[in-house]
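J.: The primary structure of each chain is shown beneath.
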Amino acid sequence: KQEVTQIPAALSVPEGENLVLNCSFTDSAIYNLQWFRQDPGKGLTSLLLIQSSQREQTSGRLNASLDKSSGRSTLYIAASQPGDSATYLCAVRGSGAGSYQLTFGKGTKLSVIP
Amino acid sequence: KAGVTQTPRYLIKTRGQQVTLSCSPISGHRSVSWYQQTPGQGLQFLFEYFSETQRNKGNFPGRFSGRQFSNSRSEMNVSTLELGDSALYLCASWDGHSYEQYFGPGTRLTVT
Numbered sequence: 325k326q327e328v329t330q331i332p333a334a335l336s337v338p339e340g341e342n343l344v345l346n347c348s349f350t351d352s353a354i355y356n357l358q359w360f361r362q363d364p365g366k367g368l369t370s371l372l373l374i375q376s377s378q379r380e381q382t383s384g385r386l387n388a389s390l391d392k393s394s395g396r397s398t399l400y401i402a403a404s405q406p407g408d409s410a411t412y413l414c415a416v417r418g419s420g421a422g423s424y425q426l427t428f429g430k431g432t433k434l435s436v437i438p
Numbered sequence: 832k833a834g835v836t837q838t839p840r841y842l843i844k845t846r847g848q849q850v851t852l853s854c855s856p857i858s859g860h861r862s863v864s865w866y867q868q869t870p871g872q873g874l875q876f877l878f879e880y881f882s883e884t885q886r887n888k889g890n891f892p893g894r895f896s897g898r899q900f901s902n903s904r905s906e907m908n909v910s911t912l913e914l915g916d917s918a919l920y921l922c923a924s925w926d927g928h929s930y931e932q933y934f935g936p937g938t939r940l941t942v943t
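First to last, the sequence lines map onto chains A and B.
Count along the first sequence starting at 1, add 324, and that's the number in the numbering used here.
Count along the second sequence starting at 1, add 831, and that's the number in the numbering used here.
You may find that some hints are simply not true.
[What the hints assert, rightly or not] Cross-link-like lysine-lysine pairs, in silico, DSSO-like; alpha carbons within 27 Å at most:
| # | chain 1 | residue 1 | chain 2 | residue 2 |
| --- | --- | --- | --- | --- |
| 1 | A | 433 | A | 325 |
| 2 | A | 392 | A | 430 |
| 3 | A | 392 | A | 325 |
| 4 | A | 366 | A | 433 |
| 5 | B | 888 | A | 392 |
| 6 | A | 392 | A | 433 |
| 7 | A | 325 | A | 430 |
| 8 | A | 430 | B | 888 |
| 9 | B | 844 | B | 888 |
| 10 | B | 888 | A | 366 |
| 11 | A | 366 | A | 430 |
| 12 | A | 325 | B | 844 |
| 13 | B | 844 | A | 366 |
[Claimed, not checked] Cβ-Cβ distance ranges computed for the label pairs, FRET-style:
| # | chain 1 | residue 1 | chain 2 | residue 2 | range |
| --- | --- | --- | --- | --- | --- |
| 14 | A | 405 | B | 927 | 20 to 28 Å |
| 15 | B | 846 | A | 343 | 30 to 38 Å |
| 16 | B | 901 | A | 402 | 22 to 30 Å |
| 17 | B | 853 | A | 402 | 19 to 27 Å |
| 18 | B | 901 | A | 336 | 45 to 53 Å |
| 19 | A | 329 | B | 838 | 43 to 51 Å |
| 20 | A | 364 | B | 926 | 38 to 46 Å |
| 21 | B | 892 | A | 365 | 45 to 53 Å |
I should point out that these hints are in silico values taken from the structure, not numbers from a laboratory.
It should be emphasised that the depicted structure is a prediction, and the values quoted were computed from it without experimental measurement.
Even for Gly, the Cβ is constructed at its ideal location relative to N, Cα and C.
Next comes chain A alone, as it looks inside the complex:
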C-alpha cells in the first residue's frame, strides 16, 4: 500500500526566503507525482505535475524535482511571498491497473511572514 509523507508538517519563514518542501513515498512504482496548493476551506490548485520519466518541472518561482528510485520529491519556492501562505500537498498516482487514484500526503502548512 502506497504511503506518502510530507515533512515538515508546518513551516514559517520570513518574506523573501527560498524554501524547500519535502515529500517521500514508499512504492516507487508511480505513474506521476503532483504538487497542489490548498487555501483554507478551499479546493486544491494544481501547481506542478511530474511524470515518472521526468526529473523536474518548473513554473515561475516553483521548481519540483522527482527521484523515483529513492521515493522522494521536493518543491522549491524561490523568493517567498505572503501570498504563498497555504497548505502544500504532494500526491502520487500508481502505475498499476486500477491505480488511477491519487495517494496524498498530509501536507505542509506554510506561513510566509511579511
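Could you slot chain B onto chain A? The hints should help.
T.: Then chain B, alone, in the frame of chain A:
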C-alpha cells in the same frame, strides 16, 4: 474553459439522513474522482468513474456510493449519515491523457 464545479458548497444534515453531492467536470473530461478530506485522515480516495463506469473504489463502507451520467457529471450519495462523515468532499476530473487532475472547490458537509 470553466473549471470543476460542485454543488452545493455547504450542507448541514442530521445523523441518519442521506445526502447527494454533485460534480460537473471540466468540459471534455471523462473521468471523475471523489475524495474525502478530514483533519485527522487527510485526503482519502472514495471512487473514480470513467465513461459512466466505476473503475476504482477506496476503502469506504457501502453507505458511500456514486454514479456518473452520460454527460460526465457525477453524483455521490451517502446514506445513514454518521457524525464522522463530516468532511470536505472534493471532486476531481482529468482528460485521460495528461493524467493531471483538476479539483473543484468542494462541498463542506456537517453532520449534527
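J.: Compare the structure with each hint and give your call.
T.: Okay, the hints, checked on the actual structure:
A C-alpha spacing of about 25 Å is found between residue 433 of chain A and residue 325 of chain A, which places the hinted pair at or below 27 Å, so the restraint holds. Restraint check: the Cα-Cα separation between residue 392 of chain A and residue 430 of chain A comes to about 20 Å, which is no more than 27 Å; the hinted pair holds. A C-alpha spacing of about 16 Å is found between residue 392 of chain A and residue 325 of chain A, which places the hinted pair at or below 27 Å, so the restraint holds. Between residue 366 of chain A and residue 433 of chain A the CA atoms are separated by roughly 14 Å; this keeps the pair inside 27 Å, and the hint holds.
Restraint check for residue 888 of chain B and residue 392 of chain A: the C-alpha separation of about 26 Å stays at or below 27 Å, so the hint holds. Proximity of residue 392 of chain A to residue 433 of chain A is assessed by CA-CA distance (about 24 Å); at most 27 Å being required, the pair is judged to hold. For a cut-off of 27 Å, the pair hint linking residue 325 of chain A to residue 430 of chain A stands: about 16 Å separates their Cα positions. A threshold of 27 Å between alpha carbons decides the hint, and for residue 430 of chain A with residue 888 of chain B the separation of about 20 Å falls inside it, so the pair holds.
Straight-line distance between C-alpha atoms of residue 844 of chain B and residue 888 of chain B comes to about 25 Å, which keeps the hinted pair within the 27 Å bound. Straight-line distance between C-alpha atoms of residue 888 of chain B and residue 366 of chain A comes to about 24 Å, which keeps the hinted pair within the 27 Å bound. Note on residue 366 of chain A and residue 430 of chain A: the hinted pairing holds, with a Cα-Cα distance of about 16 Å set against a maximum of 27 Å. Straight-line distance between C-alpha atoms of residue 325 of chain A and residue 844 of chain B comes to about 33 Å, which puts the hinted pair past the 27 Å bound.
Restraint check: the Cα-Cα separation between residue 844 of chain B and residue 366 of chain A comes to about 20 Å, which is no more than 27 Å; the hinted pair holds. As the Cβ distance of residue 405 of chain A to residue 927 of chain B is approximately 35 Å, the hint placing it in 20 to 28 Å is violated. The beta-carbon spacing between residue 846 of chain B and residue 343 of chain A, approximately 43 Å, falls outside the hinted interval of 30 to 38 Å. For residue 901 of chain B and residue 402 of chain A, the Cβ-Cβ distance of about 46 Å falls outside the hinted range of 22 to 30 Å, so the restraint is violated.
Distance hint check for residue 853 of chain B and residue 402 of chain A: the Cβ-Cβ separation is about 39 Å, which falls outside the suggested range of 19 to 27 Å. At roughly 49 Å, the beta carbons of residue 901 of chain B and residue 336 of chain A sit within the given window of 45 to 53 Å. Checked against the hint of 43 to 51 Å, the C-beta distance between residue 329 of chain A and residue 838 of chain B comes to roughly 34 Å, which is inconsistent with it. The given range of 38 to 46 Å is broken by residue 364 of chain A and residue 926 of chain B, whose C-beta atoms sit roughly 29 Å from each other.
Between residue 892 of chain B and residue 365 of chain A the Cβ separation comes to about 26 Å, which falls outside the hinted range of 45 to 53 Å.
The structure is inconsistent with the numbered hints 12, 14, 15, 16, 17, 19, 20 and 21, although it conforms to all the rest.
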